[in-house]
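Put together the whole structure using the sequences plus the hints.
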Amino acid sequence: MNAAASATRITYREAVRQSLRAALQADPRVFLMGEDVGRYGGSFAVTKGLLAEFGPERIRDTPLSESAFVGAGIGAALGGLRPIVEIMTVNFSLLALDQIVNNAATLCHMSGGQFHVPLVIRMATGAGRQLAAQHSHSLEGWYAHIPGLRILAPATIDDARGMLAAALACPDPTLIFEHISLYNLEGDLTPGIGPVEIGRASVRRPGRDVTLITYGGSLHKCLAAAQELALAGIEAEVIDLRTLRPLDDATVMGSVRRTRRAVIVDEGWRSGSLAAEIGMRIVEQAFYDLDAPPARVCTAEVPLPYARHLEEAALPSPGRIVSTVRGLIG
Amino acid sequence: MENKEIADRLLALLTDVAPDIDPATVVPELRLSDQFDFDSMDTLHFAIAISREFGIDVAERDYAQLASLAGACGYVQSKLAARG
Amino acid sequence: MRIDFRMPALGADMESGTLTQWLKKPGERVRRGDAVAVVETTKGLIDIEAFDDGVLEELVAQPGATVPVGAVLARIASDSASAVPAGLPAAPERPPAPTSPPSASPAVPSTAAAPGAVASRRRISPAARRRAHELSIDLASVAGRGPEGLVRLEDVERLAEPALQKPQRTGMRATIGAAMARSKREIPHYYLAHSVDFSAARDWLSGFNASVPVDERLIDGVLLIKAVARAVSEIEGFNGHFLDGQFQRSEAVHVGAAIALRGGGLVAPALLDANHKDVKTLMREFSDLVTRVRGGHMRSSELASATITVTNLGSEAVELLFPVINPPQVAIVGAGAIAERPWVRDGVLCVRPALTLTLAGDHRVTDGRAGSRFLRRIGELLADPAKL
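Residue numbers (my numbering), protein chains in the order written: chain U, 1 to 330; chain C, 1 to 84; chain F, 1 to 388.
Facing chain U, a subset of chain F residues (Cβ under 7 Å, in silico):
1) Gly-146
2) Pro-147
3) Arg-152
4) Leu-153
One-sided and incomplete, this derived list gives chain F residues near chain C with beta-carbon spacing under 8 Å:
5) Asp-215
6) Arg-217
7) Arg-262
8) Val-290
9) Arg-294
10) Ser-315
11) Glu-316
Just so you know, the hints here were simulated from the structure itself, not pulled from any lab data.
All residues carry an ideal CB built from backbone N, CA and C; glycine is no exception.
What follows is the structure in structure tokens.
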């Protein structure tokens, strides 16, 4: 009994690896490609062991050319395969921006629905590990701007395990953003979990006084902040968006209508951000239910610093979330 | 003037000065400050009322004699007697 | 123009009051400062005064009704076209209520708007606005408890709950408790004490009182109030209110006199502009105030406006007290009993009537050095009573 229970406790990294293995086992059309995914085992060690298990046909190391291998992935998807492309971090995905935005996102629409691009692109995002300004940014909000894409942000062990299958089942190009601070997160995996529902946000903690709306790596900062706020008698509800495009307005508005206050916590910069979009939707849809203006906790508008104390100061923190909430409640 | 009449008139003055006290509860021998939290303002108002009612001059140094209803009664009596 | 005569906030914690009596009839003239109605609050019966000269046009509230702060009690046809319902230093979170729009006014932006019209908007959340509309609650009657006086949904709903329509019965003790708890929670008090020789004041009082009829005599307390009023107008940092995170000094000196009620309870209505009145005037007003307080006829302007408080336990009391500041004020001066004590004067030990003054000050505004100067100044003024 105990052995069975402890067997379900795994890391986020391991959960992603299990999802990849399950996908490769389940469907011969599925293959994985990217920089260092094979022999090296992935730059975040997610794909370790897969080359030995599935062989070089299905676990393919690529040249350092994001545009080329994302384009190859689009072609493979159009040709009937189910490619999973790994881009090392979102920062490098900019080299493939043309393929993603001008090709993957548009082909279904430009072909009048004749061609689907069932491509899955996984990439790491976010800061917190002193990787400096070219490896630490959170640009998922940009992709969430693009019609034709689906954007997922698994923040829990179950979502890390279950979202890939749902993404592969989706006929549209789907981007999965894995926050680098989550790979070492440990948690319980729900036994026998299959594909999880995407397109829906999830209430990770119920509360009555304020809604914290977040996703990805910031979820755990929000849960820590909620715990601290609870000591002061403030019950924060924490919503994990899970899917950044399309956004699940119903869950967000349902919560905000109850708590009457919203704080959006987003590791992106605030100007033109996903947080801005969510805040505006709250104002559009729930204005008359508000007791306070929607507030945001975002990253300071600087290229992320390398120095640890500066990086910490730039990023959203539980302390900043707590003080923002207190400012709203008084 | 009868003692009883002076006492009755003083009691009426007292409840004029302090309408928030119940005349039935006044114990003549007890100090007003102990019974009803009388302070210097009450004492002054009581002295003003007495001097008007009985036409006598109540000197400031005599205030101590007005500390209880019985004391005030004796004081008024002696003042009236002195006037003849 | 017509002016709404509204239930004033007689203290920051008041939410509503019960109208017990109209003192004026419709059609009757009222002058600014006239008592128009009697209202029962936790502080007792209060006479509510008019802010404007005019004619009482319409009585809106009926005696017996519990009326929320800010709700309309009556309408007054004001003499002055530009009358602005200001005047009272009522609860700070309630700016002047909007007056009724003139009926025949064209919809043209007017540059001749009353000066009060530019006052910043009250902060009312969208949720509170909608709920107030649904419940037909006048938002002017809702006290905001959110950050910076924001009116939130729960502030509106509090008024809608029938159980809370009659909050008055919590009583004066609860009111004092709430105010003092707030004071001790929010105000970093510091305490100073200073003993003064009261013989000059006592001698001067005896001489004065012997020279006038009994109904013109003075009491010790009035000298103290005058001395505090003078000192506080000379020394910065003790006269005013601490509001919205900062000290707002007051030019006017309204000295709150703590008046004990028989059987317990305490109110501290103000002697207005005490620094500009001579002791005889102050005595008359103080005497009148004590009589009215104990008879239950305080005036609204006296209740909410004190800028500093004096508390005097009287001749039968102990020699030293440590008073608690009455928020939003920033200082309170206490006086123990005046009693004969050993005193050294010019190197000789003698017996003197002495008085120990105490000051509770607000460290957010002043420090002990300023407090010390303030207390000593009160002592100096008491030593030369003829000049008071």
